[in-house]
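**Q** Protein chains in written order, with the numbering used here: chain A, 3 to 115; chain B, -12 to 98.
I should point out that these hints are in silico values taken from the structure, not numbers from a laboratory. One should not assume that every hint holds.
[As the list claims (entries may be wrong)] The calculated lysine-lysine pairs, modelled on DSBU-like cross-linking and capped at a C-alpha distance of 30 angstroms, are:
#1 A:85 to B:90
#2 B:90 to A:16
#3 B:13 to B:90
#4 A:59 to A:11
#5 B:43 to B:90
#6 B:13 to A:59
#7 B:57 to B:43
#8 B:90 to A:11
#9 A:11 to A:72
#10 A:85 to A:59
#11 A:11 to A:73
#12 B:56 to B:13
#13 B:56 to B:90
#14 A:59 to B:57
#15 A:59 to A:72
#16 A:59 to A:73
#17 A:59 to B:90
#18 B:57 to B:90
Keep in mind that this is a model prediction, so the values were computed, not measured.
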Amino acid sequence: DGGITQSPKYLFRKEGQNVTLSCEQNLNHDAMYWYRQDPGQGLRLIYYSQIVNDFQKGDIAEGYSVSREKKESFPLTVTSAQKNPTAFYLCASSWGGTYNEQFFGPGTRLTVL
Amino acid sequence: SQQGEEDPQALSIQEGENATMNCSYKTSINNLQWYRQNSGRGLVHLILIRSNEREKHSGRLRVTLDTSKKSSSLLITASRAADTASYFCATDDYGNNRLAFGKGNQVVVIP
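Using the sequences and the accompanying hints, generate a full structural model.
**A** Structural data, given as structure tokens:
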């Protein structure tokens, strides 16, 4: 059953803690993306990766870090430097480039207590 | 980077009616995509229209693109309650292999 998965679905974090969000895909896609969604603000790109061991900052990379050690995995770490991390986080993958549709995971809702 | 902007942002219609939403963008594009998001879920791709296309159909969806006005519209015909969702347009950020998403249109279809 091919697709893109994110875990956990809900995540609670205390202020000052780092937390890692998981994103896995078995679609053999080259490109993977992390977006943040806040109410009324649409999707904003955090980081994206076109190939393994390479990634680029998006529009709001500050306070976040990623790695791309395997083609199927693109974990996102929300660090304590991110001042307002409470949001809905969406991971996506595609064949790369912008002529291909992006396939989205179900999202992780992060709440900072 | 450019960003699609949908208009209007919220639409409430009766089942069976048509729903139209618009998207404008600022710079030249290669293509424009529309996505749907059900509440609390990930986005689902609906349709892609290339810059040299003016209209495209997919089932009950009709997308138009006017590159001279830098705008696109998404029409959902004969709406159903299951069409209740948010709809986003996304434009390619030329040369950067990424998409720029608009803020979304929330559509509520009343049974």
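**Q** Please go over all the hints and tell whether each is borne out by the structure.
**A** Structure-based check of each hint:
1. As the CA atoms of residue 85 (chain A) and residue 90 (chain B) are separated by approximately 22 angstroms, the hinted pair is consistent with the 30 angstroms bound.
2. Between residue 90 (chain B) and residue 16 (chain A) the alpha-carbon distance is near 29 angstroms, which keeps this suggested pair within the 30 angstroms criterion.
3. Pair hint residue 13 (chain B) plus residue 90 (chain B) holds up; C-alpha atoms about 14 angstroms apart against a cutoff of 30 angstroms.
4. Restraint check for residue 59 (chain A) and residue 11 (chain A): satisfied, since their Cα atoms lie roughly 24 angstroms apart, inside the 30 angstroms limit.
5. Under the criterion of a C-alpha separation no larger than 30 angstroms, the hint pairing residue 43 (chain B) with residue 90 (chain B) is consistent with the structure, at around 22 angstroms.
6. Under the criterion of a C-alpha separation no larger than 30 angstroms, the hint pairing residue 13 (chain B) with residue 59 (chain A) is consistent with the structure, at around 22 angstroms.
7. Straight-line distance between C-alpha atoms of residue 57 (chain B) and residue 43 (chain B) comes to about 16 angstroms, which keeps the hinted pair within the 30 angstroms bound.
8. Distance restraint check for residue 90 (chain B) and residue 11 (chain A): the Cα-Cα separation of roughly 23 angstroms lies within the 30 angstroms cut-off, and the hinted pair is therefore satisfied.
9. Of the pairs offered as hints, the one joining residue 11 (chain A) and residue 72 (chain A) holds, with about 22 angstroms between alpha carbons and a cut-off of 30 angstroms not exceeded.
10. Straight-line distance between C-alpha atoms of residue 85 (chain A) and residue 59 (chain A) comes to about 18 angstroms, which keeps the hinted pair within the 30 angstroms bound.
11. Distance hint between residue 11 (chain A) and residue 73 (chain A) is fulfilled; the C-alpha atoms sit about 22 angstroms from each other, no more than 30 angstroms.
12. Restraint check for residue 56 (chain B) and residue 13 (chain B): satisfied, since their Cα atoms lie roughly 9 angstroms apart, inside the 30 angstroms limit.
13. For the hint linking residue 56 (chain B) to residue 90 (chain B), the alpha-carbon distance of about 19 angstroms falls within 30 angstroms, and the restraint holds.
14. For the hint pairing residue 59 (chain A) with residue 57 (chain B), the CA-to-CA distance comes to about 27 angstroms; that is within 30 angstroms, so the pair holds.
15. Straight-line distance between C-alpha atoms of residue 59 (chain A) and residue 72 (chain A) comes to about 18 angstroms, which keeps the hinted pair within the 30 angstroms bound.
16. At most 30 angstroms may separate the alpha-carbon atoms for a hinted pair to count; residue 59 (chain A) and residue 73 (chain A) meet this at roughly 18 angstroms.
17. Of the supplied pair hints, the one linking residue 59 (chain A) and residue 90 (chain B) holds, its CA atoms being roughly 21 angstroms apart against a limit of 30 angstroms.
18. About 17 angstroms separates the Cα atoms of residue 57 (chain B) and residue 90 (chain B), which keeps this hinted pair within 30 angstroms; it holds.
Checked against the numbered hints given earlier, this structure breaks none of them.
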